[in-house]
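Number of protein chains: 2
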Amino acid sequence: MLILGLDPGLGTTGWGIVRAEGNRLRHVANGKLVTDTKAPLPRRLAHLDAMLAALIADHAPDAAAVEEVFVNSNAQSTLKLGQARGVVLCAAARSGIDVGEYKPSTIKKAVVGTGAAEKAQVHAMVARLLPGVKIDGPDAGDALAVAICHAHHLASARRMF
Amino acid sequence: MLILGLDPGLGTTGWGIVRAEGNRLRHVANGKLVTDTKAPLPRRLAHLDAMLAALIADHAPDAAAVEEVFVNSNAQSTLKLGQARGVVLCAAARSGIDVGEYKPSTIKKAVVGTGAAEKAQVHAMVARLLPGVKIDGPDAGDALAVAICHAHHLASARRMF
Chain Z
7 MLILGLDPGL GTTGWGIVRA EGNRLRHVAN GKLVTDTKAP LPRRLAHLDA
57 MLAALIADHA PDAAAVEEVF VNSNAQSTLK LGQARGVVLC AAARSGIDVG
107 EYKPSTIKKA VVGTGAAEKA QVHAMVARLL PGVKIDGPDA GDALAVAICH
157 AHHLASARRM F
Chain L
7 MLILGLDPGL GTTGWGIVRA EGNRLRHVAN GKLVTDTKAP LPRRLAHLDA
57 MLAALIADHA PDAAAVEEVF VNSNAQSTLK LGQARGVVLC AAARSGIDVG
107 EYKPSTIKKA VVGTGAAEKA QVHAMVARLL PGVKIDGPDA GDALAVAICH
157 AHHLASARRM F
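Those protein sequences? They're chains Z and L, same order as listed. With positions in the first sequence counted from 1, the corresponding number in the numbering used here is that position plus 6. With positions in the second sequence counted from 1, the corresponding number in the numbering used here is that position plus 6.
Read the hints as simulated data drawn from the structure, not as lab findings. Be a bit skeptical, because a hint or two may be false.
Chain copies aren't distinguished; within one or between two, either way the pair holds.
Claimed, not checked - Mimicking DSSO-like on lysine-lysine, the simulated pairs with C-alpha atoms at most 30 Å apart in a straight line are:
| id | residue 1 | residue 2 |
| --- | --- | --- |
| 1 | Lys86 | Lys125 |
| 2 | Lys86 | Lys115 |
| 3 | Lys115 | Lys140 |
| 4 | Lys44 | Lys86 |
| 5 | Lys86 | Lys109 |
| 6 | Lys86 | Lys140 |
Since this is a predicted model, take the numbers as computed values, not measurements.
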C-alpha cells in the first residue's frame, strides 16, 4: 500500500511517499512543491494544484494524510495556510483518495514514541525508520512523518477489524 | 464581457455572473454551491471544486473577482474559510481566468457609493443595478456585488489607458 504524506504550505508543500507492507515500511520518494512568491495568489494555488495532480498521477498512492493544523495566533498566516491546505486536501480527494488527518502530537507519538518530541528527533527517527532515505528538507521530513503515522494507524485498524 | 463574482465559503459559496458592455451591466445568473456538512472536509472541498469547474465550463466567464477576506478573530473560522477560499481561487485560476480581489469597503463603495453601507443596502442596490434579477440568498447577493465592483474597475481601467 502506497501512502502519501503531505505538509501543506503556500510557499512550500512537503510530500513523502512510503510503501507499507504489513508492519514493514519502505521509502518511495519525497520532495517539495514550491510556488513563485512573486506570482498572484490564485496563480500560485493553481500551480500547487497542478503539481499535486502530477505527483498523484505519477505515483498513484492508495491513501493520503496531512497534519491537523496548529492554528496560528497570526490570522493572516492562518488564512494563507488555510488556502494552501484547501487546495492540497481537494487535490487528494479529487483523485478519489481518502485523506487522514492527525494531530501533531499523534504524529510525534507514532514516529518517536512520545507526543512531546522535538522536530529534530522526528526527522532523525524518520531517517531511521526509512533506511537509505534522503530527506529533501524539513517540509518533506514532516510529510514523511505523517505518512508513517498513517501507515501505523492503518496497520492497527487492520489488526482490530 | 462576462464577470463571475464569488463569495467563498465551505458550507455555501455564492456566485453571480454579470455581463458588462461599456458602462451597461446585465444580470446573467446567480446561485449558490452547497456542500454536505456531514461529509469529510477533503470530500467537501473536492465537491466544491467540481461544482466550480462545472459552473466555469457552463458560462465561460472572462474574469472573476472575490472579496478580500475580513480576517476573523476566531482562528478556526479563518482556517475553514481559508480552505474554501483556496479551492475557489484555484478553480478560477486553473481555468485561465484572472481573479480580482477587493476590500469589502471598495465593493460597498462601487455598489452603494459609500464604503460604510449596510449589507441590506448593498443587496438592494444590486437588485436596482441589475433589473429583473432574482437573488438566490445573501451569498449570491455578495457575489453579484463583487462582480459589479470588478466591472466598474475594469471599465475605469479602460478609460484610463
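Checked hints:
1. In this homomeric assembly, Lys86 and Lys125 come within 30 Å of each other (Cα to Cα) both inside a single copy, at 22 Å, and across copies, at 26 Å.
2. Taking the shortest alpha-carbon separations for Lys86 and Lys115, both the intra-copy value of 28 Å and the inter-copy value of 26 Å come in at or below 30 Å.
3. Taking the closest pair of Cα atoms, Lys115 and Lys140 come within 30 Å of each other only inside a single copy of the chain (22 Å); across copies the shortest separation is 54 Å, beyond that limit.
4. For the homomeric pair Lys44 and Lys86, the shortest alpha-carbon distances inside one copy (15 Å) and between copies (25 Å) are both at most 30 Å.
5. In this assembly of identical chains, Lys86 and Lys109 lie within 30 Å of each other by CA distance both inside one copy and across copies; the values are 20 Å within and 17 Å between.
6. Proximity of Lys86 and Lys140 under a CA criterion of 30 Å is satisfied intra-copy only: 29 Å inside one chain copy versus 34 Å between copies.
Against the hints set out earlier in the document, no violation occurs for any number.
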